[in-house]
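K.L.:
One-letter residues, chain by chain:
Number of protein chains: 4
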Amino acid sequence: MINVAVVGASGYTGVELLRILHCHPEVAVTCVTSEQSAGKRISDLFPSLRGRCDLVLENLEPVRIAERAELIFTALPHKAAMEVVPTFLKLKKKVVDLSADYRLHDAAEYGKWYEPHMNPELLGQAVYGLPEIRRAKIAKAQLVANPGCYPTSITLGLAPLLKKGLIDVSTIIADAKSGVSGAGRSAKVDNLYCEVNDGFKAYGVGGVHRHIPEIEQELSELAGKPVVISFTPHLVPMDRGILSTTYATLLKKMTAADLVKLYTDFYKGEGFVRVLPEGQFPSTAYVRGSNFCDIGLGLDQRTGRVIVVSAIDNLTKGASGQAVQNMNIVCGFPENLGLEGLGLFP
Amino acid sequence: MINVAVVGASGYTGVELLRILHCHPEVAVTCVTSEQSAGKRISDLFPSLRGRCDLVLENLEPVRIAERAELIFTALPHKAAMEVVPTFLKLKKKVVDLSADYRLHDAAEYGKWYEPHMNPELLGQAVYGLPEIRRAKIAKAQLVANPGCYPTSITLGLAPLLKKGLIDVSTIIADAKSGVSGAGRSAKVDNLYCEVNDGFKAYGVGGVHRHIPEIEQELSELAGKPVVISFTPHLVPMDRGILSTTYATLLKKMTAADLVKLYTDFYKGEGFVRVLPEGQFPSTAYVRGSNFCDIGLGLDQRTGRVIVVSAIDNLTKGASGQAVQNMNIVCGFPENLGLEGLGLFP
Amino acid sequence: MINVAVVGASGYTGVELLRILHCHPEVAVTCVTSEQSAGKRISDLFPSLRGRCDLVLENLEPVRIAERAELIFTALPHKAAMEVVPTFLKLKKKVVDLSADYRLHDAAEYGKWYEPHMNPELLGQAVYGLPEIRRAKIAKAQLVANPGCYPTSITLGLAPLLKKGLIDVSTIIADAKSGVSGAGRSAKVDNLYCEVNDGFKAYGVGGVHRHIPEIEQELSELAGKPVVISFTPHLVPMDRGILSTTYATLLKKMTAADLVKLYTDFYKGEGFVRVLPEGQFPSTAYVRGSNFCDIGLGLDQRTGRVIVVSAIDNLTKGASGQAVQNMNIVCGFPENLGLEGLGLFP
Amino acid sequence: MINVAVVGASGYTGVELLRILHCHPEVAVTCVTSEQSAGKRISDLFPSLRGRCDLVLENLEPVRIAERAELIFTALPHKAAMEVVPTFLKLKKKVVDLSADYRLHDAAEYGKWYEPHMNPELLGQAVYGLPEIRRAKIAKAQLVANPGCYPTSITLGLAPLLKKGLIDVSTIIADAKSGVSGAGRSAKVDNLYCEVNDGFKAYGVGGVHRHIPEIEQELSELAGKPVVISFTPHLVPMDRGILSTTYATLLKKMTAADLVKLYTDFYKGEGFVRVLPEGQFPSTAYVRGSNFCDIGLGLDQRTGRVIVVSAIDNLTKGASGQAVQNMNIVCGFPENLGLEGLGLFP
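Chains as they are written, first to last, in the numbering used here: chain A, 1 to 346; chain B, 1 to 346; chain C, 1 to 346; chain D, 1 to 346.
Hints listed in this document are in silico derivations from the structure and should not be mistaken for laboratory results.
Among these hints, one or two may not hold up.
Because identical chains cannot be distinguished in the list, a pair is counted as satisfied if it fits within a single copy or across any two copies.
No more than 20 Å apart at the CA atoms, straight line, and that leaves these computed lysine to any residue pairs for SDA-like [as the list claims (entries may be wrong)]: (1) K253 with S170; (2) K79 with P25; (3) K40 with E278; (4) K40 with V189; (5) K252 with S170; (6) K253 with V228; (7) K252 with G207; (8) K163 with E58; (9) K140 with L250; (10) K188 with G207; (11) K137 with G224; (12) K112 with P334; (13) K112 with L250; (14) K253 with E270.
Given these sequences and hints, build the entire structure.
P.N.:
The following block contains the structure:
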């Protein structure tokens, strides 16, 4: 049993963490913070928690928080995270950071897409927390950089092909679609119900989305050489879910059955990756609220392209579920503890 | 640890039962049936279950099922249930029936709203499974008649007022709104996405919905005298959830604070009923996927009417969650076992 | 052919006015205003207008606007309207005001629900613009107070019964449900997609919604005596539409066929009210984007109550469509000019 | 003024035709057919039409229909269309066929993707009805093959680039997303509200969708050489709309401004194509119910790829709106007659 804090609990990844942790048998949440809503009960912001998690939100005072927690989830915007994470580390706390601040190995690259990094010396120490790829390193980490939602779906979707060198890495196009919770909980006209409902759009077109360096870093590492991709995110009128449709040209002839076997073998023993049988493709509806990544494999014989379709819940496997999975690894708990909830369907 | 069967597993209450039972530490599901889909895996129908519940659907052969289960959930349409429940009972099995077949005490009333009852002798033996009202009887029952979704929300919403005789029972109007999963999973034009989305309508207007006798039976019992209500159901473009807005004229002057106190006292110790503070009202969004019934209390000073707003997830507290709650009671497990999952928000 | 201005064009009623007026053969929109977005093109705010209405938004300078328009639509929040309407009137302009500022006849009542009225002397001059009830007066008005969305649906729904004195006016309960566009286009967390989607809730419970005095004023006038009602609004996860379910006790025995005949006769010749045949009830989906009010009539024989279900598009018949209908009357155009667009279904 | 018939009026393209034609000043609909619903009023199937279009649905007897119409819209499934179109043509009627039956020039290709063609001799005579590309030929056609929804969005999206030979045609990937109305109005579990809502999925993955030969035929003609593409359709939880995100490698360096200029010039004078300014991208929400195709242009400098994002309403510009546009051309009416309705937003 450990005590944990959720720093930045008033966003959607915050409430998702609390939802999951409520059913985790080895965790007690002792502290939740929010600069904007300090003094209110978390269950006033999120009445779904009422009666089960009624903690009062506190200001973000790292030392006082560290006194009451062995592990801290930082569910803050980028920049806000790197302002407090060093303090937690110095106080010997473990940190699972859900922001982008420690995902890139290269401070210059971070500076290019975000802003100058405040503690670049920690980048080498942070472990990118995609358990299916880097489980052993995570187990020994003090600071886990929890992956972004788009990167999780795309990296898991391409890992087997890249690892085996089966695709032309210059041909990768990832066309990704996200539910609206990915945009966070801030009050903007663009995210109003009437602006989003019954509509579909692209955004960040033309290689400008901040998840690109993170995706390319991971794909390059898997491929063993530099990978540059085209990535276009879209907004789907639904609460949760990311589905990525990724295209690449195969370097040799394969059948769909070959692809399914490749993936099934690669992910053998992985509890949260489900490789679908030939001819079946995922829907975000089947992973809603669960920690699964479902992967379907298509082959366009006419063009020689593989089409990988991968689906996750952006708030669960794409954020808070994966964060708990990382916590489990870091703390030596069974990796699926508290994460066995199946998708809510319908 | 007990073995259970889910008879009629291919509908939405079926998959919801399997979702909940997957995380229940004292239950193993040994058998799932579906006449239409026998031979298929349940996870082919509901890919959300894949990898965790891949049982093959069987035909409904009661004796063979009973061999492998101590308790049977019958998630069948009305009539289909009363064709098999007697066999399960004879074989000394416990049954939680999610159909309407054993909810009414009076076979004539059942005949009037449905069709002639096939085993009226069992009506006296069945216990109406609303734990907050009838827990002790449920504990001793062999056959639990799991309440309908609308009746659950309305009965829990009115129980304190009726029990204390505080309202004029001739003035009760229940205006109820349900998500689309309440209509089941059969292929009808009316339930197509494009027919339902971005629209709102009433149905069963004029006192003709089959949940009426069930609601009136329960309200009458609570009031200690016959209660006749006006009830209008509506269809909301959402997957899950029922919200009932119930109006009645108060027999004496009360404040909103009085009402909140009355309900808080009445439901003290109840783990699944959350009475909201004065001025707060529920949303189905906050109970999505959970077993809670949230109740808010309004007072219209100008007209002397109380307005009770109650919200449940129709598939959880309104069906499968309550069925598991009843199973827990019947089997002597802690009542909240497997039911602690919080609402999925957003 | 007349020139009109739309003052307060950056909200949802503004863009709906522009959508309708674009197809109106007798109107040219010469001026659109928005304090917040002055200097931008209206089509940058609402790209649906692009290429057809690209006017630049101006500041609200009444005199300069009046120079270019014979009739002004004021689509402003309450209070903002009464700050400018007197100027337009003085300049001999006709005004259709979509705010609440001139709907109530009684300044004291306005003060009680809103704030002190700034020009109470105009209240007697303004005509409440519900054409089906008050067409002749509207035709002669300089200032039309365009009705609220809830009041439109409820008043049209009850008018025949009240006019004939067929119901006990102390028993009226209006349970109303609105799409999200009714909440306007301001950036509030409550109206974010993820807060609203897949959820349903009541708000303004207990006789506190500001549309109440307006509804009661109109119902009282129709009944020829004071009417006090219970009114509960709800929020439906859809863009547009209001459906009101209104209950009242009949004073004499009637059949459903009687009711349908009563309504059909009452609304004979009305182009925008469609009384549905016995046993049929409206859906907001069938009036989406149109100026219709669809009315279905139910009878609860068991309780002696009539149930009137009325549906409109809150932005069209509930706001901008009705405003154009009023403009047509005021200007002597055929009443349905520009308003013949049928509902967008699906 | 002409008389027209809508054959196959009981589907979503049928009701959309009737909605548009109701406001068309030069058209009277004299006849509507439906095999399944013959004898019912069309407004019983689609209450949005009530009071304005209450024609009784007839059986499909071509000769009797031809007596009452100068032009026939065939809104039938493929195969059903080619069973009746020859009769209409023999009777000297003009036909706008919304099915796939006359879109492909090559009967063998039709046979490969559909089934053997019943009147291949008509394929040479039919004109593919994409007015922006082939207006002059349409004007002289007796039989117009109205384009599919996906092909319309993709062909308009790529035409300028292909015509100018600016992209490597072997690199085209079209990732397309459609609202649910594209799946038609038949009662299938897959299209139920609860199966679709709050989920997103791919279908027809791997180059198997029947719109592919049509798309490739048109792109090849524009390019002047054979074009083979990868095409993946997806299902979006919304009623209407198609958004296609199309990727291709540029053959020479271009800026985003160059692209916008290229498209603006190419579509100069086109009333229904709106090329967006640099940095802006379309949403299906802004074309809902309108006949526009909105196109946004992105450039991925890092990979040398152009990204064309095009949005239409699948039922309007993607089906019935374009059919009316073709009728206007064929009949010599102004091309935008009856099609000036702006998008319904929100």
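K.L.:
Does each hint hold? Answer for all of them.
P.N.:
Status of each hint after checking the structure:
no.: 1; hint: K253 with S170; verdict: both (18 Å within a copy, 18 Å between copies)
no.: 2; hint: K79 with P25; verdict: neither (32 Å within a copy, 42 Å between copies)
no.: 3; hint: K40 with E278; verdict: between (50 Å within a copy, 17 Å between copies)
no.: 4; hint: K40 with V189; verdict: between (25 Å within a copy, 16 Å between copies)
no.: 5; hint: K252 with S170; verdict: both (15 Å within a copy, 17 Å between copies)
no.: 6; hint: K253 with V228; verdict: between (23 Å within a copy, 18 Å between copies)
no.: 7; hint: K252 with G207; verdict: between (28 Å within a copy, 18 Å between copies)
no.: 8; hint: K163 with E58; verdict: neither (45 Å within a copy, 42 Å between copies)
no.: 9; hint: K140 with L250; verdict: neither (36 Å within a copy, 46 Å between copies)
no.: 10; hint: K188 with G207; verdict: neither (24 Å within a copy, 31 Å between copies)
no.: 11; hint: K137 with G224; verdict: within (18 Å within a copy, 55 Å between copies)
no.: 12; hint: K112 with P334; verdict: neither (38 Å within a copy, 53 Å between copies)
no.: 13; hint: K112 with L250; verdict: neither (32 Å within a copy, 26 Å between copies)
no.: 14; hint: K253 with E270; verdict: neither (27 Å within a copy, 44 Å between copies)
Figure legend: structure checked against the earlier numbered hints; hints not met, in rising order: 2, 8, 9, 10, 12, 13 and 14.
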